[in-house]
Structure formats: C-alpha cells, structure tokens
Amino acid sequence: MNTAVAASRLVAGYGETVVLDDVSFELETGRALAVLGRNGVGKSTLLNTLMGFTTVHAGQISAFGQPLNAMPTHHRSRAGIGYVPQEREIFPSLSAMENLRVAARARGWPLADVFSLFPLLGQRRESSGGSLSGGEQQMLAIGRALVGGPRLLLLDEPMEGLAPIVVETLYQALAKIRDAGGITMILVEQHAELALSLSQEAIVLERGRIAYRGPSAELARDESTKTRLLGVGGVEEAK
Amino acid sequence: MSEFTIVLDGIAYGMVLFIISVGLTVTMGLMRVVNLAHGSFAMIGGYVAAVAVGAGVPFIAAAFGAALVAGLTGALAEVLVYRPLYRKGELAQALMTFGFTFVVIAALTAIFGTSIKTLPLPEYMSGLVDIGFRMYPAYRLFLIAFGLALALALWLGIDRSLYGARLRTAVDNPRMAGAVGINVNRLFQLTFAGGCALAGLGGVVGSALLPLEPYYALRYLVLFLVVVGVGGVGNFKGSFVAAISLGVIDTVAKYFLPSAAAYLFYGAVLALLLWRPDGLMPARSAQ
Amino acid sequence: MNPERSRATRSPPAEKPHAAGWGHLLPWTAALAFYFLGADFLGLGTNALIMVLFALSLDLVLGYAGIITMGHAAFFGFGAYAAGLCAIHVTNDPVTGLLIATAAAGILGFVTGTLILHTKGVTLMMLTLAIGALVAEVANHLRDYTGGDDGLHGIRMAPLLGAFRFDLWGHTAYLYTLAVLLAWFALAWRIMRSPFGRSLDGIRQNVRRMRAIGTPVWWRMVAVYSLGAAMAGTAGALSAQTTRAVGLTALELLASGTVLMVLILGGTRRLYGAFAGAVVYVVVQDFAAQVDPFRWMFVIGALLMAVVLFLENGLMGIIDFAAARARSLWREQTPR
Amino acid sequence: MSDAEARHANTLGAAPVLSVRGLCKSFGALTVAQDIELDLPGGARIGLIGPNGAGKTSFVNLLTGMLRPDAGSVLLEDRAIDRLRPELRVRRGLVRTHQINTLLAETPALENVAIAIAERKRIGWRMLRYGTGWRACLDEAEARLAAMGLGDDRLRLVRELPYGKQRLLEIAIALALKPRVLLLDEPAAGVPAGETRAIHEQLGDLPQDVAILMIEHDMDLVFRFAREIVVMVQGRVLTRGSPSEIANDDRVREVYLGRRVR
Amino acid sequence: ADTVKVGVIMSSSGPFARWGEQFRQAIEVFQKQNGKTVSGHTIEVIYRDDGGPNPVRAKQLAEELILREKVQFLGGFVFTPNALAVADLVTEAKMPTVIFNAATGLITRKSPYFVRTSHTIPQAARPIGEWAVKNDIKRVVTAVSDYAPGHDAEVYFSKAFKAGGGQVMESIRIPLATTDFSPFFERILQQKPDAVFVFGPGGPPTVGLINTWASRLKPAGIKFLGTAETQQIDLPKIGRSALGLVTSFHYTETVDNPLNKALWADLVQMFGKDTVPDLASVGAYDGMRVIYRAVEKFGPRVTGDQAIGLWRGMQFNSPRGPFRIDEKTRDVVENIYLRRVEERDGKLVNVNFQTFPMVKDPWKEDNPE
Ligand SMILES: Nc1ncnc2c1ncn2[C@@H]1O[C@H](COP(=O)(O)OP(=O)(O)OP(=O)(O)O)[C@@H](O)[C@H]1O
Ligand SMILES: Nc1ncnc2c1ncn2[C@@H]1O[C@H](COP(=O)(O)OP(=O)(O)OP(=O)(O)O)[C@@H](O)[C@H]1O
Ligand SMILES: [Mg+2]
Ligand SMILES: [Mg+2]
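Residue numbers (this note's numbering), protein chains in the order written: chain R, 6 to 244; chain E, 2 to 288; chain S, 2 to 337; chain Y, 375 to 636; chain W, 45 to 413.
It is possible that part of the hints are untrue.
[Stated by the list, open to error] Interface residues of chain E toward chain S, partial, derived using beta-carbon atoms under 8 Å:
#, residue
1, 56
2, 82
3, 103
4, 104
5, 129
6, 131
7, 133
8, 224
9, 226
10, 230
11, 263
12, 264
13, 270
14, 276
[Stated by the list, open to error] If you want the footprint, here are the derived chain S segments under chain W, 3+ residues with CB under 8 Å:
#, region
15, 194–207
16, 247–253
17, 305–316
Calculated from the structure, these hints are not laboratory results.
Virtual Cβ for every residue (Gly too), placed ideally from N, Cα, C.
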C-alpha cells in the first residue's frame with residue numbers, strides 16, 4: 006500500500022495550548038483530501054503541524070514513509086511538501102519573480118507554466134511582493150508552492166481573494182493535478198462544495214477532533230451533516 | 002588644487018567608513034539583527050592582524066587571516082549568542098550584543114593590555130605617490146581602490162544574486178523560508194560569519210584612520226550605525242553612497258568651516274535623514 | 002445565530018500581567034527601608050533612584066510607544082544643566098529648580114519630537130542619536146555657561162522646602178529623590194493605563210490600525226515623547242541638585258546607551274522593570290568595580306547576556322516566572 | 375426593491391455623502407485608477423467587483439488617504455478632504471476594513487474594539503481622569519463582540535485567534551467607529567460561509583443612511599448585499615448596474631465572473 | 045599600629061583605563077620603594093573606578109570612601125570635572141585630597157583641602173609659546189581639540205606667543221571625535237605658517253594626528269609644537285614620523301635623575317619590560333609621597349588642616365625634578381622642559397633641550413582671587 010501522509014493519535018498545538026486532539030488519518034498517494042470545519046477548529050493547525058510549525062505533544066505523523074515529528078521544516082520541503090499558507094506569507098521584499106526563484110526546483114513546475122496559469126502574475130513579475138494586490142499575492146503563493154515540485158501539496162484556502170474567473174482556472178488546474186495522480190493534496194476550504202468536488206476524501210474537524218471522515222461525494226450529498234458540522238445551511242437557504 | 006585633494010581625502014575617509022560598516026549592512030541591514038557587537042568583530046580582526054604583523058606576517062596575509070578569525074568568531078558567536086535571539090525582538094538583541102561587546106572588550110584588554118595597538122602599514126602603502134599635481138598618501142589611494150572593489154563585489158554577490166534573495170526570504174519570514182526549503186539556520190550562520198569577516202577586514206584596513214584601542218568596539222559603533230542608517234537599511238548601494246557622502250561632507254566642512262565642524266557631521270546626518278526618511282537608497286520593502 | 006459556538010482551544014483567556022496590590026508595596030517599602038538600613042550607601046541609593054526615574058521615562062517612550070531612542074540622555078542632561086544653571090543664576094530653591102528643569106526638558110522634547118517623529122525604525126533611531134550628539138556638542142561649546150568639559154560646578158542648594166538641609170550623608174537627598182520618583186511613578190502608572198496609554202500601546206504594535214481608527218498618531222507620539230523628556234529632565238535635575246555637579250557625560254551617547262541597557266535589563270513596559278534594571282545595574286556595577294575595577298565590564302557584559310538568554314522579559318521575567326510557578330502550585334494543591 | 379427603483383434611489387436620492395471626482399493614480403506604468411467618478415448617497419449599498427489587480431484596494435486607499443492621488447478629488451459631505459490626513463478622515467466618518475488583517479496582535483480582542491470606541495468618543499487623549507469613560511468603552515466593545523459572535527474570544531490575544539475570527543474582528547472595529555461611509559475590503563474572505571450571515575446581519579443593523587461600499591469576490595455575498603454593483607477593470611469603471619444587470623452582462627462574465635463554478 | 049586608608053578615585057575601565065593602570069603601578073612602585081608602612085602604620089590604598097569623566101559617579105565614590113571606608117586621604121582624579129565635583133564634599137569633610145592628574149587651573153581654588161601633584165595646562169602651554177617666538181617662528185596656526193583643556197592650551201600658548209611679537213594666523217578647534225585630521229592640516233598647509241601648535245585629544249588619535257602632520261605639513265617645512273603629544277608610551281606606535289617634534293611638558297621620561305631611573309626600573313621589573321612611566325605615574329608617585337609625609341609627621345589620626353598645613357610650601361625631589369607645592373595656591377610649582385624627539389639606541393625618546401625652572405600656574409596669576 007502506498008501511503009503519502011499519515012497521522013496517528015496526533016495531539017498538537019501552540020506551545021502548551023492544545024489545538025488538535027487525537028487526530029488520525031491516512032491518505033494514499035495521488036489522492037486529494039478536503040479538510041472542512043468552522044472557524045477556528047484547527048484546519049490551519051493541521052497543515053501547520055505537517056509543516057512543523059506547531060508543537061506536537063503526542064502521536065505520530067509521517068509522509069512518504071518517513072517520520073516527520075523531528076524533521077526540520079526545510080527538510081520537509083525538500084522531501085516534497087509544498088505549502089500554501091492561509092495568509093499567503095509571500096516574501097514582501099522580493100519581487101514576484103524572486104519569490105518564485107527562491108522556491109524553484111528542477112523537478113517543479115517551470116516558471117513559464119505558473120505564468121500561463123496566472124497571466125496577471127507574469128505582468129507583475131518585477132513588482133515587489135509587498136505591493137501586489139491581495140489576489141495577486143494569493144496566486145504567487147500558489148505558484149511558489151508549485152515551482153518547488155511538491156509530491157504533497159498543502160493548500161490552506163487557496164481560493165480566497167481570487168476573482169471567480171481565476172477560481173475557475175485554478176479549480177481546473179487542481180483537478181488536472183488530481184487526475185494526473187502522483188501529487189497528493191490536502192485542501193482546506195471554506196466553500197464546502199468546491200472542496201468536496203475537488204477531493205476524493207473529506208474530513209470535518211470540530212474543536213480539534215475529527216468529527217466526520219468519509220468519501221467526499223458522500224458528504225456532498227449529506228445535507229444534514231453539512232449543516233450540522235459546517236453551518237452552511239444558511240447559505241443554501243438564502244439562495 | 003587643494004579643493005580636489007580635500008574631496009579625495011573625503012572619499013578616502015568615506016571608504017573607511019564604508020569598508021567597516023559594510024559588514025554591519027550585512028548583519029543589521031540584511032539579517033535585521035540589531036548588532037551592536039559589530040565593532041567587536043572589527044576589533045578582533047584588528048588585534049589579530051596587529052599581532053600577526055608584529056610577528057612578521059605580511060600585511061595582506063595578516064588582513065585576510067584576521068578576516069578569517071573574525072569570521073570564525075562570528076560563526077561561533079552566531080550559534081551561541083545570536084541564534085537564540087532572532088525571535089526575541091530588537092531590544093533583547095540590543096542588550097545581548099551590548100553585553101557581548103563588553104565581554105569582548107574586557108577579554109581583549111585582559112589579553113593585550115589597555116594601550117593602543119598599531120598596525121604598521123607596509124612600505125608600499127605608507128609612502129606618498131605622485132598624483133600629477135602633488136604627492137598624495139598611497140594608503141588613501143589604496144583605501145579608495147579597495148572600497149570600490151569591495152562595493153562592486155558585494156553588489157554583484159548579494160544584491161543581485163539568488164543568494165541575496167534567499168537571505169531576504171529568511172529575514173522577511175523565516176518560517177515560510179523554511180517551508181520553501183531554505184535552511185535558515187545555516188544561511189544565517191554563513192551570512193553572519195561573512196559580515197563579521199568583513200568587519201574584521203575593515204578593522205585592519207581602516208586602522209590607520211580609526212585606531213585600534215580597547216574601546217574601539219564602542220567608540221566607533223555610532224559611526225557604523227549612522228552609515229547603515231543613513232544609507233537605508235539593508236542595501237550596499239545605500240551604505241556606499243551614505244559612507245562616501247558623509248565622508249566628503251564631513252571632510253569638506255572641516256576644511257572650509259573648521260569652527261562649525263563639530264556640528265557638521267551630525268547636522269548632516271539630521272539633514273539627510275529628514276530629507277530622505279527611508280535612507281538615501283531605501284530597501285525595496287520600504288516602498 | 003448559532004448558539005453553540007465552537008471553542009477549539011483549551012487555553013485560558015489571556016491574562017494581562019498585573020502587579021497585585023502587595024506587589025506595589027514591596028519595592029516602595031524596600032526603598033524606604035533602605036533609607037534606614039543602608040545609611041552608608043545613601044549616595045549610591047540616590048543615584049540608583051535617579052537611574053530608576055530616568056529608565057522609567059524611557060519606558061514610556063520606548064516600552065509603551067515603541068520609539069527606540071538613542072538620544073534620551075539629551076533630556077536628562079538638559080534637565081541637569083537647567084537645574085544647575087537655575088540654582089546658580091536664578092534661585093537655589095530645589096523644588097522651583099526641579100519644576101523649571103522639568104519644563105525645559107519637556108519643551109526640548111516637544112520641539113525635537115515634532116521634528117523627527119514622523120519617521121520610524123532605524124531612521125528615527127539615528128535622528129535621536131544625531132540630536133543627542135548635537136545637544137552634547139552645544140553644551141561643550143557654551144563653555145562660558147556650562148563649564149564645557151570641566152563640568153558645571155558651584156551649585157549650592159537651599160534647604161528643601163526651606164527646612165531640610167542637603168546634608169553630607171545624603172539623607173535629605175535620598176528622601177527627596179524618593180518622593181519625586183514616587184510622584185512620577187504614580188502618574189506614569191495611571192497614564193499608561195488610560196486610553197491615552199493604551200493608544201500608545203496600539204501605536205507601537207500597528208500604526209496602520211491606529212490610523213484606521215482615527216488616532217492622531219503623530220500627536221500622541223509627540224505627547225509621550227515630551228512627557229518622557231520632561232521626566233528624564235526631572236531625573237537630570239535631581240542628579241544636578243543632589244550631587245551639585247553636572248558633567249558633559251550626562252549628555253553623552255554612552256548615557257543614552259546605559260539607560261537603554263538598564264531598561265531592557267529590567268524589562269520594558271512594566272514600569273517596575275525600570276526599578277529592577279536600575280537597581281541591579283547600579284549595584285552590580287558598584288560591586289564589581291570594587292572587587293576589581295579593571296574587569297567590571299566583563300561582569301556586566303556577562304550579566305546582560307545571561308538575562309537575555311535565560312529570561313523572557315528582562316529581570317521582571319524572574320517575577321513572572323515565580324508568579325506562574327506559584328500559581329500552578331496553588332492550582333495543583335487546591336482541588337477544582 | 376426593484377432594480378430600477380434602486381438606481382433611482384442612487385441617482386436622485388439625498389446629496390451624496392461621498393463623491394469621487396476624476397480620481398487618477400498610477401504606479402509607474404501601471405494605472406490603478408483612471409478618472410474614476412463615483413457618488414455614494416446616504417444609504418448606498420454598493421458592491422465593487424473586478425478582476426484581481428484591477429485597483430479596488432487602491433481605490434479604497436485613495437479615498438482614505440493612505441495613497442495620494444495623482445489627480446482628482448474626494449468630497450465627504452460636500453467638503454474636499456484631499457488634504458486631510460487619514461486619521462482625520464476617519465474622524466469624519468470615513469471608515470474602512472483591510473483586505474489583509476491589520477489588528478493589534480498582542481492585545482486582547484476586547485481592547486482592540488474598546489480603543490476604537492475611545493477614539494470615536496474622543497477620549498483617546500485622556501491621561502488621568504478616565505475611569506467611567508473607559509468602562510463605557512469596554513462595555514460597548516463587549517456588546518459589539520458578542521453581536522459578531524466573538525463574545526467568548528474577547529479576552530484572547532488577537533495573535534491567537536483563528537484567521538476567520540480576526541476577519542470578523544476587523545469588521546467589528548469598523549462598525550464600532552459608527553461610520554458615515556463604510557468601505558469594506560473583502561470582509562468575508564476567510565470567513566466560513568456559515569459565518570458570513572453574521573456580517574450580513576450586522577451590516578443590516580447599521581443606520582439606513584450609512585453609505586457602504588463593499589469589495590468582494592464572494593458573489594453570493596455581493597449579490598445578496600448590493601443594490602448597485604460597480605465593475606472595475608484596470609483602474610477604470612467598466613460598467614455599473616443592478617445585480618441582475620451585472621450578472622447578465624457578457625463583458626463582466628468574460629473578464630470577471632467566468633462560468634461560475636460556485 | 046593603625047591602618048591608614050587612602051582612597052584613590054581613578055579611571056580604570058572604559059577608554060581611559062590606562063590612566064588607572066598607570067596610577068596603580070606607580071603607587072605600587074612607591075610602596076615597594078618606601079614600604080607599606082609609615083612609622084608602623086599600614087597604608088592601605090583603596091581603588092575606585094569612576095569610568096571616565098563622570099562627576100556624579102566621582103562624587104558618589106568620594107562619599108562612600110569618606111563615610112563608609114573612613115579613608116584618611118583622597119587621591120587620584122584623572123579628570124577635571126570629577127575633581128571639581130568632590131570639591132564641596134571635601135571641604136565639608138575636611139578631607140585632605142591630592143589631585144594626581146586633573147589639570148585645569150581652577151581646581152585647587154575650589155577647595156582649601158586640595159593640593160595638586162601633576163601640572164596645569166597653562167603651565168605647560170605658555171613656555172613653548174615663549175620659546176617658539178624666540179626661535180625663528182613668527183607665524184603660527186593653533187589647532188586644539190575642542191574641549192576645555194584644548195581651549196586653555198590655545199589661550200596660554202597664543203598669549204605668550206603674541207607677547208613675544210608672533211602672529212597667530214588662525215585658531216582652529218578640532219572636534220573631539222575627529223580621527224582623520226587631514227582636512228584641518230590641509231587647511232593649515234594653505235596658510236603656510238612657520239609652525240602649528242597642536243593640542244591633541246590624547247589617547248589613540250594621537251598616532252593619526254602626528255602621522256598626518258608628518259605626511260602633509262612636515263614636507264612643507266611647517267613645524268610641530270605641542271605638549272603631551274609625544275609621550276614615551278606612544279612614541280613607538282607613532283614611529284619615525286615623530287622625529288623632531290618639539291613639545292613642552294613637566295615630565296620627560298629621560299630626565300637624568302636617580303629617582304626617575306629607579307621609578308622606571310622598578311616599573312619594568314614589576315610590570316614588564318614595556319612599562320614606561322608617564323605623567324600619570326609621576327602624579328600618583330608624588331601624590332603618595334605627599335601622603336606618606338603627612339602620616340609620618342602627624343600619625344594615623346592626621347586631620348585635614350594638619351595635612352594641608354604641612355603641604356603648603358612643601359618641597360622635595362620628584363622623578364620629574366625639583367617639586368614644590370605653592371604656599372598660597374596649593375598648586376604645583378615645577379620645571380617645564382622643552383624636549384625634542386630623537387632616536388637613541390634605535391629607540392625614539394624625548395630629549396630635553398631647555399628648562400624653564402620652577403614655573404607657576406599662569407592661570408592663577410591671571411585670575412587673582
Ligand atoms: N499562535 C497561536 N497561539 C495560540 N493559539 C492559536 C494560535 N494560532 C491559532 N490558535 C488557536 O488554534 C485554534 C485553531 O486555529 P486554526 O487557525 O487552526 O483554525 P482554522 O480552522 O484554520 O480557522 P479558520 O477557518 O478561521 O482559518 C484556534 O482556536 C486558535 O485560536
Ligand atoms: N504600492 C504599490 N506599488 C506598485 N504597485 C502597486 C502598489 N499597490 C498596488 N499595486 C498594484 O496595483 C494593482 C492594483 O492593486 P489593488 O490592490 O488595488 O488590486 P485589487 O483590485 O484590490 O485586487 P485584488 O482583488 O486582488 O485585491 C495591482 O496590480 C498591484 O500589484
Ligand atoms: Mg485557518
Ligand atoms: Mg484588493
């Protein structure tokens with residue numbers, strides 16, 4: 006069996022604060038996992054833990070068969086974990102181009118491909134990261150992860166701040182990556198339908214614990230669970 | 002032609018400022034560590050070279066040896082003193098590096114005594130050279146040439162290179178730099194050692210104008226800080242322009258208006274900074 | 002609205018470190034007790050209290066408002082010279098002199114503050130440094146008034162409030178200094194908890210945010226800068242009045258550096274940090290210099306480094322640590 | 375209200391609270407505002423949409439004085455405010471939220487709001503006599519946080535709040551300033567769909583004569599909120615109209631909406 | 045037998061640490077030569093560090109020494125402001141106080157319990173002015189460090205020089221922080237004086253100062269006149285540029301006198317071969333002598349008035365030559381030597397070529413009480 010990421014009985018948080026409590030899951034190579042949940046349930050913390058930004062109090066995490074617990078962040082990146090953080094965290098004093106170049110690896114996407122995915126970024130390549138618009142920064146954050154040639158892609162609300170037409174493009178690009186296999190994806194999204202249609206599996210977090218786990222398609226159909234765990238019913242009703 | 006000489010003198014003085022401050026542009030400007038210990042590394046370099054030259058080592062070899070020693074000391078200090086600091090904020094850094102400077106001063110005084118150290122220039126640098134209309138100290142010409150070469154090398158090697166960009170990522174956001182695969186610790190250690198080596202080299206090369214003595218590390222610290230500050234934190238072009246401007250302004254003013262000279266250096270700093278609050282050449286992030 | 006809002010973490014609500022009531026009592030009682038117990042050291046004690054006040058003034062400017070200044074000694078020195086000159090030429094009543102010096106330093110703070118406070122970061126640091134250096138140079142040049150490098154001397158103080166002579170043993174000086182310090186401290190304590198103080202806290206953290214809620218950022222900074230300057234001026238005046246001498250060193254960069262060091266050593270934004278830092282610094286310096294006047298720099302240097310390495314927020318970190326320990330012990334022992 | 379009525383209210387209603395005249399701005403070769411004209415009458419609910427990098431945030435920065443325009447003028451209640459510093463514009467009721475969180479990270483959420491209220495009440499200068507005034511600020515702040523659903527988090531440091539809650543706090547602060555004109559820059563980005571209702575409700579509770587301009591890429595929210603939508607492309611106003619007009623505009627579809635995956 | 049405590053306030057840390065070191069070494073040599081006891085009473089020296097010119101600290105240290113340590117004498121004081129700061133205290137406590145170094149004229153005026161064993165700046169600056177104008181130097185530019193001692197030197201040199209008919213073309217004041225002297229010397233070069241009178245800031249910049257003179261002014265034949273710029277301790281660092289410099293000073297290391305030879309020899313023996321006596325050494329050495337004399341005469345309970353009474357008009361031989369404490373002013377009266385830097389046995393040394401015998405402080409003459 007070919008496991009890309011696995012967590013077992015994971016307890017993690019910031020300093021002494023525990024956020025993730027007893028989280029376990031496994032994800033096979035080439036598959037996409039949607040992580041859903043309300044505000045502050047620990048979605049970002051899960052990704053942060055995979056990148057090594059949190060304190061792991063108990064449990065194991067591993068990627069590609071290697072244990073991650075004690076691995077420094079840059080080794081995780083070199084081992085093939087690509088990360089798009091929620092707050093974008095692009096490097097403000099570097100130009101857009103430099104932001105990509107510092108992250109680029111031979112096995113990753115060529116810069117040209119990133120620019121054809123996001124033509125706007127190509128036009129702004131010489132602008133400093135800090136002066137880019139919110140959406141441009143988001144594109145850059147995604148591009149930066151892709152040029153590193155990730156085998157495991159962690160996306161924390163990648164659609165945020167993007168115009169609908171760009172969301173569409175990005176959606177298709179991600180779908181293509183998913184369909185090509187090879188790259189494993191963990192996707193945190195506020196827009197449940199979008200996330201569920203992109204992923205094969207889903208987990209829903211509640212207060213740092215896994216409240217639901219199953220195939221995405223199933224959850225997409227299960228209105229009552231969605232309403233209960235995500236509170237999305239309101240939107241449905243307003244439409 | 003005296004005016005020309007004065008400008009030349011100013012440039013030479015500015016070059017000394019540049020050569021010694023440039024290491025601080027690396028550690029404080031690029032790495033954003035409030036590095037009040039910069040003078041200590043320059044001083045370590047200078048003392049090492051003084052001992053070496055005293056023991057018969059040729060000047061140039063001693064200078065590079067001193068840079069190496071200062072660099073290694075810097076690498077060690079980075080692990081022991083600086084690494085715990087990066088996250089602690091600028092005030093903690095100021096305190097720590099100040100303490101470090103005290104310790105270095107006390108240690109060097111204990112080893113070498115309280116008198117000043119001189120670093121005799123080699124024959125070929127201590128004489129006068131005919132520059133067409135008069136004789137001029139060779140040492141000052143050497144300073145100008147050396148400063149220019151150093152500026153060019155650093156500009157190409159850091160400002161314009163991927164290495165420079167990597168360094169800036171690590172400074173902007175070390176967490177995220179790690180997440181794109183950069184080994185922040187090693188990068189910082191190397192860079193810091195480089196900055197210290199430059200300081201050491203500067204301490205040696207500039208010793209004829211900034212004499213080596215136990216208090217060196219504190220006495221000239223302000224000068225270095227001012228150059229980096231006026232230049233706009235974190236870029237070599239800025240430090241270079243600032244050092245030369247301040248050197249020339251200071252020197253020319255002292256020549257023409259010796260009675261007001263005491264006010265002129267800091268007056269110039271004040272004026273330049275009020276005119277250009279982001280430094281003469283603001284770093285890109287300051288936009 | 003969803004009534005059952007999720008709370009993912011178990012962390013307790015953030016507690017702001019607050020000195021408990023008895024926490025206030027301790028330092029002041031100690032300061033008063035020192036008057037009776039440390040009779041031979043009252044000179045040292047007075048200098049320490051003056052340093053506390055000086056560091057406290059920096060805490061307002063640097064700790065709360067985040068203005069990193071390397072020229073704070075300019076105000077201390079200005080206050081000292083103002084008090085000295087006032088005693089020589091105008092009146093040698095200490096309280097009048099103190100008020101005049103305080104106002105003078107405050108005005109200098111206001112004038113220079115308006116000039117430089119639109120800048121920030123390293124630029125501001127360099128500007129404060131340049132102004133400090135210029136003020137020192139002026140004092141050096143006005144030798145006819147200030148005595149230049151020889152220092153200002155010939156200060157004779159009238160008895161305090163017409164009744165208490167400044168005695169050789171420094172009794173009056175100590176109590177006078179302590180009383181002035183207490184007054185300033187109480188004021189600072191209140192101000193830093195006022196809306197004004199909180200807005201400074203905000204300015205330090207995020208200027209954009211404060212602009213976006215309509216805070217006149219520049220004015221607030223000028224205000225606190227002037228306030229800190231006035232306070233530093235009081236400290237300088239006390240120094241001039243109690244030692245009856247002023248030297249250029251009071252103005253020099255090293256003095257600015259020292260007070261910076263003292264404050265950070267003690268811990269910023271605590272007010273009592275100034276206390277802890279000044280007392281420890283003055284005592285250690287005095288002690289180390291006695292044991293071996295040739296090597297005290299080593300001791301001080303090592304102390305500074307140790308504090309940064311092992312304590313979170315200066316010496317006050319010890320108190321936080323002790324309080325946290327005590328609290329957790331308490332919790333373990335009392336069943337919930 | 376029908377589309378036609380809405381437009382009527384906008385054009386013929388009371389004198390505009392905010393008007394923008396011929397606003398221009400470029401960064402070097404890049405034009406982010408080109409001769410923009412816009413009126414916000416009291417009670418306006420305008421959605422501002424447009425592709426990434428069109429200049430929406432820059433427009434807000436120009437209005438609030440964070441950017442200096444190359445040309446043009448901004449009038450708040452018929453008075454030119456071009457020379458006012460940003461904080462003074464805020465004092466006159468021109469309030470914004472930030473696309474990228476701009477909060478006091480080391481301060482509890484409650485105080486973030488209370489400080490804003492203190493400024494609104496003009497007691498930010500008080501140094502010595504402030505007891506009851508400040509208490510009132512805290513009380514109001516507490517109520518506002520509760521209304522945003524942040525009641526439980528009021529004492530936590532902002533740094534420790536999850537992203538979405540920080541977004542809500544941004545909005546709570548802006549509302550606490552009792553704006554005359556409210557400029558919202560992607561208020562809902564990062565806020566889970568379930569929570570956007572709270573935003574919507576809060577906006578609904580504002581006095582009817584407050585003018586609101588909302589930038590959003592979340593079309594659900596925009597179409598629910600706006601009575602008029604302005605579309606901006608490359609620094610120019612491409613078109614404006616009622617939500618249904620915009621939703622059916624081919625040009626807007628082409629440059630911005632796409633086929634709507636959501 | 046009792047213990048007599050002597051409190052010495054000096055600078056032994058920071059940039060002026062060398063002064064403290066010289067004080068201490070000279071005191072130790074003195075005690076080696078003269079014993080640690082006087083008529084059975086142990087003389088204990090307590091050192092305190094004032095860290096440089098810092099009146100506040102000096103005053104506090106003096107207080108502690110007097111009140112807590114109960115010293116019988118105070119000594120030391122490298123810097124004028126520090127000495128002035130303790131004046132009132134010393135007067136109040138009637139504490140006999142010996143100024144080992146601080147050199148501004150007015151110090152001894154400030155307390156009747158002050159005596160001085162060093163020199164005053166005017167004392168050293170005037171003779172060279174007188175000498176220069178008689179030796180083919182008619183036009184001079186003065187360039188002094190811009191602080192009180194420099195100003196005094198400028199005034200007293202110029203006075204004497206003009207009185208002899210010389211012309212002072214310009215008086216330049218050099219900021220204290222200067223390390224590059226070339227712009228000033230370049231300016232002087234343009235004026236083509238016969239000589240330049242320099243009063244340097246002392247310490248490390250001296251080397252640069254003299255080297256700049258040697259490379260800019262010396263070739264143009266502009267002579268160097270100074271006071272303390274060519275101390276033995278600095279000469280090896282200055283190097284051959286120093287050859288031919290003329291200075292006037294109250295102490296020359298090469299003075300041929302048995303006390304001086306013994307001082308030097310013992311310094312070398314106790315503290316290493318590079319140790320050289322300088323003005324700080326003689327100041328402290330003679331200061332100790334003065335204190336020893338007082339204990340000798342009055343025993344361990346000597347009062348301030350007794351000591352000062354003894355010291356007024358006291359005379360003895362010092363390593364510097366004959367030495368007297370003025371009856372009235374309590375200030376030092378001593379020879380001022382004109383010296384020239386020469387090379388002897390491959391070493392640079394100051395060599396006296398003229399003596400102004402028993403010079404009093406001119407400042408006191410100009411400013412009668
Ligand atoms: N630096 C931190 N220190 C302490 N607690 C933190 C920190 N960062 C986040 N938390 C807490 O951890 C919990 C989980 O936060 P996290 O950011 O993972 O939530 P999230 O599910 O991503 O929410 P959102 O949808 O708002 O992005 C929250 O309660 C938050 O307050
Ligand atoms: N200070 C600046 N210097 C240079 N270019 C800038 C600056 N600020 C913004 N820009 C550029 O101006 C354009 C408009 O930016 P703006 O932030 O207004 O876009 P926006 O419409 O808000 O986009 P988004 O929807 O992505 O937030 C962008 O392309 C951006 O890169
Ligand atoms: Mg999140
Ligand atoms: Mg935007």
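To see whether the hints hold, each was checked on the structure:
The closest approach between the C-beta of residue 56(E) and any C-beta of chain S is roughly 26 Å, which is over the 8 Å cut-off, so the hint fails. Hint on residue 82(E) holds. Least Cβ distance to chain S is approximately 7 Å, under the 8 Å limit. Residue-level restraint check for residue 103(E) holds (minimum Cβ-Cβ distance to chain S is 3 Å; threshold 8 Å). Given hint, residue 104(E) at the interface with chain S, holds; its Cβ is 4 Å from that chain's nearest Cβ, closer than 8 Å.
A distance limit of 8 Å between C-beta atoms decides the matter here; for residue 129(E) the minimum to chain S is near 34 Å, and the interface restraint is violated. With 8 Å as the threshold, the beta carbon of residue 131(E) stays out of range of chain S, its nearest partner Cβ sitting at about 39 Å, so the hint is violated. Restraint check, residue 133(E) versus chain S: the minimum CB separation of about 38 Å is more than 8 Å; hint violated. For residue 224(E), the interface hint is violated, the least distance from its beta-carbon to any beta-carbon of chain S being 11 Å, above 8 Å.
For residue 226(E), the interface hint holds, since its Cβ comes within 8 Å of a Cβ in chain S; the closest pair sits about 7 Å apart. Using the Cβ-Cβ criterion of 8 Å, the hint placing residue 230(E) at the interface with chain S is satisfied: the shortest such distance is roughly 4 Å. Checking residue 263(E) against chain S by beta carbon gives a least distance of about 5 Å; that is within 8 Å, so the hint holds. A distance limit of 8 Å between C-beta atoms decides the matter here; for residue 264(E) the minimum to chain S is near 6 Å, and the interface restraint holds.
Taken as an interface hint, residue 270(E) checks out: its beta carbon lies about 4 Å from the nearest beta carbon of chain S, inside 8 Å. The restraint placing residue 276(E) at the interface with chain S is violated, with a minimum CB-CB distance near 11 Å, outside the 8 Å limit. For the region 194–207 of chain S, the stated coverage by chain W is not satisfied: 0 residues place a CB nearer than 8 Å to a CB of that chain, which falls below the threshold of 3. Residues of the region 247–253 of chain S lying with their CB closer than 8 Å to a CB of chain W number 5, which satisfies the three-residue condition for coverage.
Coverage of the region 305–316 of chain S by chain W is violated [criterion: at least 3 residues with CB-CB distance below 8 Å; count 0].
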